[in-house]
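Undergrad: So the sequence lines, in the order shown, correspond to chains B and D. For the first sequence, my numbering assigns the number 983 to the initial residue and increments by one for each residue that follows. For the second sequence, my numbering assigns the number 9 to the initial residue and increments by one for each residue that follows.
Calculated directly from the structure, the hints in this document are not laboratory data.
The calculated lysine-lysine pairs, modelled on DSS-like cross-linking and capped at a C-alpha distance of 25 Å, are: (1) D/K28 to D/K74; (2) B/K1024 to D/K28; (3) B/K984 to D/K49.
Which stretches of chain B does chain D cover? Using the computed rule of at least three CB atoms under 8 Å from a CB of chain D, they are: (4) 1028-1041; (5) 1070-1078.
All C-beta atoms in this analysis are idealised placements derived from N, C-alpha and C, irrespective of residue type, glycine included.
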Amino acid sequence: QKEVEQNSGPLSVPEGAIASLNCTYSDRVSQSFFWYRQYSGKSPELIMSIYSNGDKEDGRFTAQLNKASQYVSLLIRDSQPSDSATYLCAVPVTGNQFYFGTGTSLTVIP
Amino acid sequence: GAVVSQHPSWVICKSGTSVKIECRSLDFQATTMFWYRQFPKQSLMLMATSNEGSKATYEQGVEKDKFLINHASLTLSTLTVTSAHPEDSSFYICSAKHRDRGRNGANVLTFGAGSRLTVL
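Next comes chain B alone, as it looks inside the complex (with noise of 0.2 Å):
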């Protein structure tokens, strides 16, 4: 099982839509949890961070996280076609090391 997994996609949505991306990793004691956004030939960015159960909004961004099912979540409401990019979950763990899903490519269609 790898330490922090997402769904490749691709996610498509229609614009205006609410777009649903999930991650789920594998190290109960994990604290904190971020979100990156990538466009394509560009580095990732950091969009949003949780570190608590429940829900933390940002924006038309909305992280949730949950602790005990070990998967974090993040929602764009009214997704805008400049929204189309790869999402990756990150997780640190131990140490020094982030462990990163291999991310989730959306599409906002028009």
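With chain B held as given, fit chain D onto it using these hints.
TA: Here is chain D on its own, set in the frame of chain B:
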């Protein structure tokens, strides 16, 4: 917010030459930086962990004599691709670990903009 500067953003070189890529943390000190390689439409692949003042830790299958990493200061790590060949052509990305400036203060990564290497 935290800023990581990476140079050059793109480089074209002849086969057999060496190329150096710099990664700088501009407004924070980074004891740990990471180097990744990414081929088109593929996932990030961690190459090595760069630790200030000590030797880098390389991932399995990454040749340390080919990909030289130096982290001589708290704000600069360099990756040198020695004797580059066309198969080394890729997108190289660095990241620096630092404290999240939010309430939690957990470790977080900020990425440089990446360096696209083309070896002819």
